[in-house]
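Residue numbers (my numbering), protein chains in the order written: chain A, 1 to 373; chain B, 1001 to 1265.
Treat the hints as calculated values from the structure; they're not laboratory data. There's no promise every hint is true.
Unchecked claim - Restraint-style ranges between C-beta atoms, simulated for each label pair:
(1) A:G69 <-> B:E1033: 18 to 26 angstroms
(2) A:P113 <-> B:E1031: 23 to 31 angstroms
(3) B:R1237 <-> A:R225: 54 to 62 angstroms
(4) A:D243 <-> B:S1131: 50 to 58 angstroms
(5) A:D364 <-> B:D1132: 46 to 54 angstroms
(6) B:G1187 <-> A:S105: 50 to 58 angstroms
(7) B:G1162 <-> A:C279: 19 to 27 angstroms
Unchecked claim - Which bits of chain A does chain B cover? Going by a derived footprint, with three or more residues having C-beta under 8 angstroms, they are:
(8) 72-82
(9) 258-266
Quantities reported herein were computed from a predicted structural model and do not represent experimental measurements. For each residue, glycine too, the CB sits at the ideal point set by N, CA and C.
Here is how the chains run, residue by residue.
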Amino acid sequence: MPDASEPCWLERTRLQRLLDVLLERGFEVHGPVLRDGATLFAPVQRVAELAAGWRDEQTPGGYSLEPCGEARTFGVVSGPGALKPFVFAPHEPLLQVRMDGPGSSFEAEPVLPEGHKVAVLGARACDLAALAVQDRIFLRGRFPDPHYAVRRRALFTIGVSCTRSVSTCFCTSQGTGPEVTGGYDLALTELAEGFVVRFGSPEGEDLVGALGLPIASEEALRRERSDLDACAEGIERALDSGDLRDLLYANLGHPRWEEVGERCLGCGNCTMVCPTCFCHDQRDEPALDGAASLRVREWDSCFNPEHSQIHGINFRARVRDRYRQWLVHKLAGWVDQFDTSGCVGCGRCITWCPVGIDLTEEVDAIRRTEGAS
Amino acid sequence: MSARVRAARPRLGVFKFASCDGCQLQLLNLEDELLALADRVEIAHFLEASSRVEPGPYDVALVEGSITTSRDVERIREVRDQSAFLIAIGACATAGGIQHLRNVADVEAWKSEIYPHPEWLDTLATSTPISDHIPVDHEIHGCPVNKREVLRVMLRALLGAGPDPPRASVCMECKRSGHVCVIVAGGQACMGPVTRAGCGALCPSLGRGCYACFGPYEGANGPALAGRLEGLGLPRRDLARRFRGITGSHPAFRSTAEGLEDGDG
Chain A
1 MPDASEPCWL ERTRLQRLLD VLLERGFEVH GPVLRDGATL FAPVQRVAEL AAGWRDEQTP
61 GGYSLEPCGE ARTFGVVSGP GALKPFVFAP HEPLLQVRMD GPGSSFEAEP VLPEGHKVAV
121 LGARACDLAA LAVQDRIFLR GRFPDPHYAV RRRALFTIGV SCTRSVSTCF CTSQGTGPEV
181 TGGYDLALTE LAEGFVVRFG SPEGEDLVGA LGLPIASEEA LRRERSDLDA CAEGIERALD
241 SGDLRDLLYA NLGHPRWEEV GERCLGCGNC TMVCPTCFCH DQRDEPALDG AASLRVREWD
301 SCFNPEHSQI HGINFRARVR DRYRQWLVHK LAGWVDQFDT SGCVGCGRCI TWCPVGIDLT
361 EEVDAIRRTE GAS
Chain B
1001 MSARVRAARP RLGVFKFASC DGCQLQLLNL EDELLALADR VEIAHFLEAS SRVEPGPYDV
1061 ALVEGSITTS RDVERIREVR DQSAFLIAIG ACATAGGIQH LRNVADVEAW KSEIYPHPEW
1121 LDTLATSTPI SDHIPVDHEI HGCPVNKREV LRVMLRALLG AGPDPPRASV CMECKRSGHV
1181 CVIVAGGQAC MGPVTRAGCG ALCPSLGRGC YACFGPYEGA NGPALAGRLE GLGLPRRDLA
1241 RRFRGITGSH PAFRSTAEGL EDGDG
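Next comes chain A alone, as it looks inside the complex:
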């Protein structure tokens, strides 16, 4: 058993063994697979199911895959899905309400998820940073979310450091990547012949022990460092976040909001793919017999006009109001509320915005013309 501080080495041909051990231990293993022109996390049993040999190109409002010409298992940086659905379900029951008959009292019982064990292989550094942000929102404070807590406890994360980036990435600005440095059970860095492996939890340590991995060579670690540094240097997009909170609060009347409001579809795609956005709605679904009803929670968005509808008035009636709310909350309000930015620099909101609105560009425009209003 290697010392905790010593990175190990996993031959490429032995990656299946990692999956096998996880499956033997009762995990449902999810990894990035090709689906409808992108990658999604989906249950896998064989390494051959993973999106190996491909890489992604991402631009504002554009995503494409192409063969990468080498046997990289994790050549695709990311797809639209992050870790969010594994812990904060898009649609889940919260309460089962039962009533004996008209006028009688009712009982409400929490419906908790079963919490079956899930291992996610291929989470990126930004995804793990986002998970830490969501932990902060859902688990801390006086009212930790029991549904999130059950899923979170059952989640085993295998991060993969990025050795390439796409044009929408800006993790280096947010201090979240490209190297996986925390919040993981296992962390991998993919090199040509295999993977440098580190563990970050007792469960991860146990798994490394079960695999009987040798210590990584100094040559492997040298190449790892070189690849990670090259990746970080290659990231060109940036979000100047020094005084961001004050900048945004001081520019709530900036004409740029009006301008972006004309381009913004208000569709909410940015918030759905954002790995930290947590807004949700609750609905009651009556049962057929009229004696029960299920309270369901589902992802909502501050771009949904209904989200800001209160009795008699919508306090964010225009798209520009909703865009401003999203951006200012994400980059400034979260700092006050959760002591962290809500942005991990994954760039998904840029890629998956159908009209390619780029938050880094919006912030830059406000910064360049501050006080223009």
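For this one, chain A is given, so just place chain B on it according to the hints.
Chain B only, in chain A's frame:
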């Protein structure tokens, strides 16, 4: 509405105007739930299901179809008079349906081109939604409607609760379901970003673009989407047709279509 549906076993009437019957069929497609539902409501008038017809009044009326004849104008008023809670179901009843295309065409010219005896026809120059003619208590959108939503609205009404319809965009439903965006990754023309949720993102789930049969999402930004889809190489005339489709009579879609047609030189 909630105060109105209080009968122990409310009486249901289902009525059809200009339509294809597809929305009524969605009710009949509730195969696993239909018998239980029939225990809780008395199906008093539903010609698609039974030729046995009970006279009104009705506690709940579901109205399919648009108003296209002078007789329709009278009959929808009769239905309204007989019905405590009236729900317009489907794109024909809520937006005039695909037949609303006559509203931007010369109906007199069409009649004589198509029919040997156009003088035998009694038709209005327009196809209009039910709400243009009578007060409507609720609208369920879609072509066809989602049967789950019809059931949900009825079950909620039976409990005395309001309809609480989905109001998100199709994109939000699509992402909740974990589908990959057909615009961003597929380069397809999809109306999802401007369209009201409720279908479960059915078309994008099958890899094709949404065609807006649920009508505009509140606050839909048609011109911004049109600009994006034009960038995919779609001619403006084709784009205009996407906004002129099944629910194209809604002002948000109509104005976008008109803007595209104006610029089509």
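Unmet hints by their number, sorted upward, for this structure: 1
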